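Asks: Here are the chains, one letter per residue:
Protein chains: 2
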Amino acid sequence: MITVRALLFDTFGTVVDWRGGLISRLDEWRREREIAADWPRLVDAWRMAYPLSLQRVRTGEREWAVLDELQRESLERLALEQGVAGLDGAAADEMVRMWHELPPWPESVAALHRLRARYVIAPLSNGHVALLVRMAKTAGLPWDAIFGADIFRHYKPDPETYLGASALLGCQPHEVMLVASHPSDLDAAAKCGLRTCYVSRPLEYGAGRVFEAIPEPARFDLMVDGLEELASELGC
Amino acid sequence: MITVRALLFDTFGTVVDWRGGLISRLDEWRREREIAADWPRLVDAWRMAYPLSLQRVRTGEREWAVLDELQRESLERLALEQGVAGLDGAAADEMVRMWHELPPWPESVAALHRLRARYVIAPLSNGHVALLVRMAKTAGLPWDAIFGADIFRHYKPDPETYLGASALLGCQPHEVMLVASHPSDLDAAAKCGLRTCYVSRPLEYGAGRVFEAIPEPARFDLMVDGLEELASELGC
Numbered sequence: 000m001i002t003v004r005a006l007l008f009d010t011f012g013t014v015v016d017w018r019g020g021l022i023s024r025l026d027e028w029r030r031e032r033e034i035a036a037d038w039p040r041l042v043d044a045w046r047m048a049y050p051l052s053l054q055r056v057r058t059g060e061r062e063w064a065v066l067d068e069l070q071r072e073s074l075e076r077l078a079l080e081q082g083v084a085g086l087d088g089a090a091a092d093e094m095v096r097m098w099h100e101l102p103p104w105p106e107s108v109a110a111l112h113r114l115r116a117r118y119v120i121a122p123l124s125n126g127h128v129a130l131l132v133r134m135a136k137t138a139g140l141p142w143d144a145i146f147g148a149d150i151f152r153h154y155k156p157d158p159e160t161y162l163g164a165s166a167l168l169g170c171q172p173h174e175v176m177l178v179a180s181h182p183s184d185l186d187a188a189a190k191c192g193l194r195t196c197y198v199s200r201p202l203e204y205g206a207g208r209v210f211e212a213i214p215e216p217a218r219f220d221l222m223v224d225g226l227e228e229l230a231s232e233l234g235c
Numbered sequence: 000m001i002t003v004r005a006l007l008f009d010t011f012g013t014v015v016d017w018r019g020g021l022i023s024r025l026d027e028w029r030r031e032r033e034i035a036a037d038w039p040r041l042v043d044a045w046r047m048a049y050p051l052s053l054q055r056v057r058t059g060e061r062e063w064a065v066l067d068e069l070q071r072e073s074l075e076r077l078a079l080e081q082g083v084a085g086l087d088g089a090a091a092d093e094m095v096r097m098w099h100e101l102p103p104w105p106e107s108v109a110a111l112h113r114l115r116a117r118y119v120i121a122p123l124s125n126g127h128v129a130l131l132v133r134m135a136k137t138a139g140l141p142w143d144a145i146f147g148a149d150i151f152r153h154y155k156p157d158p159e160t161y162l163g164a165s166a167l168l169g170c171q172p173h174e175v176m177l178v179a180s181h182p183s184d185l186d187a188a189a190k191c192g193l194r195t196c197y198v199s200r201p202l203e204y205g206a207g208r209v210f211e212a213i214p215e216p217a218r219f220d221l222m223v224d225g226l227e228e229l230a231s232e233l234g235c
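Residue numbers (numbering that gives the first Met the number 0), protein chains in the order written: chain A, 0 to 235; chain B, 0 to 235.
Simulated from the structure, these hints should not be mistaken for lab results. Note that the structure is predicted; figures quoted are calculated from it, not measured. The beta-carbon is built from N, C-alpha and C at its ideal position, and this holds for glycine as well. Careful, some of the hints might be misleading.
Computed footprint of chain B on chain A, listed as stretches where at least three residues anywhere in the stretch have a Cβ under 8 Å from a Cβ of chain B [said to hold, decoys possible]:
id: 1; region: 24-32
id: 2; region: 79-86
id: 3; region: 196-207
Partner residues are not named here, just some residues of chain B that face chain A (Cβ under 8 Å, in silico) [to be verified]:
id: 4; residue: V119
id: 5; residue: A129
id: 6; residue: D143
id: 7; residue: A144
id: 8; residue: I150
id: 9; residue: L167
id: 10; residue: G169
id: 11; residue: V223
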């Protein structure tokens, strides 16, 4: 029996569809402006650059910077490498802001409402508070609190994030569950004493593309196919 | 014309009725258990002890502690001073937790829903995140984010609170308005560059009792009689 008081959610990939959301917004640009690019290729490279840019902050190689800043730097470099013509500063800013307004997976909002009736729910994301607030307002995510990396000035998987959010909620680590579609994130949370729920998101990186192997059933406290199943497992 | 992007709210007194809420809960104890006390007298003394206990943290005289801990210490001392019989540890804990579940002023919830449609809204309170999350869930306060003093490890009126919350929202100080029923809180926010709105709460300390003089009209950007008036002033 799982008895936790609070659920923390990874956001990008777990709650919202970054790849589908970005590509769909960028497809609209075809009709609106003169920027030609292989958007899926650029978006995938951008996402791959993301953990590396966080890693440079985590190791102290570069000083603290919020995700927008890191994403902007990666995008400029990749647009140059991929020869994307016409991506000026304003367009790059707009692309960075698209991460603030990503669409939820189809069942996310309804499931979060169910979970919220019984648990404290909050994102624990490498996004910053301002990004997560904008995302919540756009997507209608009914969070009880917002934990962005800038509160802790640490990025996941640093323990300061998992332990910091648990402490702010007045909980012991074992009273908190991390919900995420990334086994590495969940492993780090488990090391800090949190309970863990793996959410399968087979479309996160595009159909048929997998970046972390699907975990063995015993590796985490729960394994679900979506947030509605999590709500049902937890009796909501 | 006032053009801000976010509104921060003092909570105790501004959004919720701490005195009425505590006294009403304690009155129920008459029927439930064997504790006799002059509850209004104890509650008023408790509230008076509050700024002094924060002050000891602010000056560094004592190390960081969340509000629950400070309130618990004050309560033990005051119960002894006022000769309250029967207030054991469990009852004192329960009284401390009453601050987590205070009732909103009659118009607070509806007005916050109006304001939320146009602005980012969040508490900026000397309560801690766990207290404010519980308060929001109990009272139905539709916050976009929760800023408790424990995020900053500073209590208002320290500038770290006003500037820290503005930065986490990705705002310049002049893009943020503090809404509060306490002129001293608003003065400190204004010194940090925030816009200010004074909310008149004539019943906060009980009918006819005033602890800070009603400010001159020009002292703050706005003066309103409640949060519905604020919503109307801001065109919500």
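Asks: For every hint, state whether the structure bears it out.
Replies: How the hints compare with the structure:
Residues of the region 24-32 of chain A with a Cβ under 8 Å from some Cβ of chain B number 0, which does not satisfy the need for three, so the listed coverage is violated. Requiring three or more residues with a Cβ within less than 8 Å of a Cβ of chain B, the coverage given for the region 79-86 of chain A is violated, as only 0 such residues are present. Interface restraint, the region 196-207 of chain A with chain B: violated (0 residues with C-beta to C-beta distance below 8 Å; minimum three). For B/V119, the suggested interface contact is upheld, since its CB lies about 6 Å from the closest CB of chain A, less than 8 Å.
Contact between B/A129 and chain A, as hinted, is supported at the beta carbon level, the nearest pair being about 3 Å apart and thus within 8 Å. Checking B/D143 against chain A by beta carbon gives a least distance of about 5 Å; that is within 8 Å, so the hint holds. Below 8 Å, beta-carbon pairs count as interface contacts, and B/A144 has one with chain A at about 4 Å; its hint therefore holds. For B/I150, the interface hint holds, the least distance from its beta-carbon to any beta-carbon of chain A being 6 Å, beneath 8 Å.
The restraint placing B/L167 at the interface with chain A holds, with a minimum CB-CB distance near 4 Å, inside the 8 Å limit. Here the hint on B/G169 is kept, as its CB sits about 3 Å from the closest CB of chain A, short of 8 Å. Proximity of B/V223 to chain A is violated relative to the hint, the smallest CB-CB distance being about 24 Å (cut-off 8 Å).
This entry does not satisfy hints 1, 2, 3 and 11, going by the numbered hints stated previously.
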